[in-house]
Amino acid sequence: MAASTVTNAKCGRLEMLGETIRLAIQAIFRNALRSFLTVLGIVIGVGSVIAMVTVGQGSTQQVAADVQKLGTNIVIVVPGQDALRSGPNSTTASMFTLRINDILQQRIPDVVLSAPISQTRERVIFGTENRLTDIVGTDNRYFQAARWDLAAGRLFEPGEIASGRAVCVIGKTVHEKLFGSGDPVGAKIRIGALSCRIIGLLQSKGASTFGSDQDDFVIMPLATFQRRIAGNTDVQSLYVSIRDGASVEGAMVEITDVMRELRRIRTGEDDDFEVLDMKQFATMLTGITDILTGLLSAVAAVSLLVGGIGIMNIMLVSVTERTREIGIRLAIGARSHDVLMQFLVEAILLSLMGGVIGIVGGLLLAAAGTTWLSVPFSPSLGIVLASFAFAALIGIVFGYFPARRAARMDPIEALRHE
Amino acid sequence: MDDIPVIELKKISRIYGKGDIAVRALDGVDLRVDAGEFIAIMGPSGSGKSTAMNVIGCLDSPTSGRYRFMGYEVAGLSRDQRALLRRHYLGFIFQGYNLLPRASALHNVELPLIYMGQARAVRRKAALDALRKVGLEARAHHQPNELSGGQQQRVAIARALVGNPKVILADEPTGNLDTKSSVEIMDMLRGLNRDSGLTIVMVTHEQDMANYADRLIWMVDGRIDRDERKVRAA
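Chains as they are written, first to last, in my numbering: chain A, 2 to 419; chain B, 134 to 367.
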């Protein structure tokens, strides 16, 4: 008698699982509307995660592509470390100086030039017009490194740079907003308390895709900015152009070495600055998107939790409704494990269905969102699979308790249940 | 082989609750059922006949005593071991039929075979054979609510038979049926016992139904009061 039991059990396990799944699908579709409402939380949770991640990845890709356009041989040096790392962060690290910028340019052969940059946002006024825009203090090296060309007028004279004259070069957007189609060169604009003469107008570069209008700024000599606008001698970042053909990675290592020496960082101590290539710079710029993604993911997580509780609730109802059925199954020879599996599989399938609907819905939403933001739509298989797995996990976690309740029923009691 | 009883209860007690409120549903029951016997257990309500049935059917464990099933001690088996025993060696027929309401007659009969892990085609054939035996092959795809009480009980008999059990346990099998259907069902059980040598243990409170059995057990207050063997005309 034992031998036949063993062989049956061996070949029957798959058969049994097939039956369990068939049974679960029947049970789910018997109450199709109830099942759908139950998994709505999972649908919304999974859908929003898929949509957010896909749109987020699309915009990150777009920003990276944008930054790439600025030139692959550009390196940016900023004070402080990413807040996630151990070194001093951007609020505690000291700023750079013009001296550091110039030494960097002299000392490293692969550095063609290094432009010091300080900036702030300030309202610019001309006559009755005004505009809040970026005010940048730098020198002519910046125009060269970032490939800005003049549309009218001239760049700064060495004397204007050295003595910090109140002269400026403006971008096309500022020109249009303040002057309309009139010629701005020679006109004086007001920036806070400073009256500044326009000596040049830059050619338009157009909008960058990560939102900002590249032509929306006013550039003045660094010394002018430091004395008249900022009131200090800080340089906030260095815009470094690497020689064509030289290794950008190699140059970044050299820059790091020189910077450590100039900022007197001892061996073993963390950097208090960061050297970023354009790809990393793009990542830094999209850091804010990550925070947003994180926040929305938390919302999604709550939604998934609520969805899981919904599944648990409906499975408990289902177990109670089917007490007699459970009794019958136990009487004819179902083990606790068989009953447990039956209800667990049902919960998992329920959750997975929610997951699949959520994945499809999320991808549709992402397709619409990316089209609207005109960023690439490139869904990742990884996140789809992860969502699927997570939905299954929710089914297991929240289905286990009701399934166990069913599995532990006393067959005699269950058969008596009306 | 033949001298090993199918069912052998020795000093079986089943006590519910503890202390002052303890109820002795079974109080030292001794019973031996040999292969091929058809016994009817009778008694007033509260006499312990249902409890005896649950213990014999391995749905319940006795509080004390020994229970040998086909020579194997089963009183101390775990819940899952008892489930396996029911699966492979026992068939149940209940007063209220206890069919799955939303499943066809065929699926109901297949159910025990699913738990035995049999392949779909094998199951289907065996279930149809069992339905043929009870004369309901034509109703295989009807749901229970489309069948009369007598027909539902016949589906239940097919379900009890399909796994080739050693013993059929019938708990008031005609309790919900009219006289005509009751006679049909009892004739069927009688035939199964006579033709296939199937051991049948039936609980009933109707003397007419008990008369179909070869042996009558009377229970009172958790004990066996009378044990009568009927001498049948050959």
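Simulated from the structure, these hints should not be mistaken for laboratory data.
For every residue, glycine included, the Cβ atom is placed at its ideal position computed from N, Cα and C.
Don't take every hint at face value.
Distance ranges between label pairs, derived from CB positions [to be verified]: (1) B:Glu339 x A:Leu34: 32 to 38 Å; (2) A:Gly19 x B:Arg323: 52 to 58 Å; (3) B:Gln276 x A:Leu38: 25 to 31 Å; (4) B:Gln276 x A:Val300: 43 to 49 Å; (5) A:Ile22 x B:Asp160: 42 to 48 Å; (6) A:Leu34 x B:His338: 57 to 63 Å; (7) B:Asn297 x A:Leu34: 38 to 44 Å; (8) A:Phe402 x B:His275: 25 to 31 Å; (9) B:Gly169 x A:Leu38: 51 to 57 Å.
Chain A residues, not near chain B, derived (Cβ > 10 Å throughout) [unchecked claim]: (10) Val186; (11) Ala302; (12) Leu331; (13) Ser337.
Here is what the structure says about each hint:
Separated by about 46 Å at the C-beta atoms, Glu339 (chain B) and Leu34 (chain A) break the suggested range of 32 to 38 Å. A C-beta distance of roughly 38 Å is found between Gly19 (chain A) and Arg323 (chain B), which places it outside the suggested range of 52 to 58 Å. Against the hinted window of 25 to 31 Å, the Cβ-Cβ separation of Gln276 (chain B) and Leu38 (chain A) comes to about 27 Å, which satisfies the hint. A hinted range of 43 to 49 Å holds for the C-beta pair Gln276 (chain B) and Val300 (chain A), which are about 45 Å apart.
One distance hint, 42 to 48 Å for the beta-carbon pair Ile22 (chain A) and Asp160 (chain B), holds here, with the actual separation near 47 Å. Hint check: Leu34 (chain A) to His338 (chain B), Cβ distance near 45 Å, so the stated range 57 to 63 Å is violated. Between Asn297 (chain B) and Leu34 (chain A) the C-beta distance comes to about 42 Å, which sits within the given range of 38 to 44 Å. Range check, Phe402 (chain A) to His275 (chain B): about 37 Å between beta-carbon atoms, so the 25 to 31 Å window is missed.
Checked against the hint of 51 to 57 Å, the C-beta distance between Gly169 (chain B) and Leu38 (chain A) comes to roughly 56 Å, which is consistent with it. The Cβ of Val186 (chain A) lies farther than 10 Å from every Cβ of chain B, with a closest approach of about 86 Å, so its non-interface assignment holds. At roughly 37 Å, the least C-beta separation between Ala302 (chain A) and chain B is larger than 10 Å, which holds for a residue marked as non-interface. Taking the minimum C-beta to C-beta distance to chain B, about 7 Å, the non-interface status of Leu331 (chain A) is violated against the 10 Å cut.
Separation of Ser337 (chain A) from chain B is inadequate, the least Cβ-Cβ distance of about 6 Å not exceeding the 10 Å criterion.
The structure does not agree with the numbered hints 1, 2, 6, 8, 12 and 13 stated previously, though it agrees with the rest.
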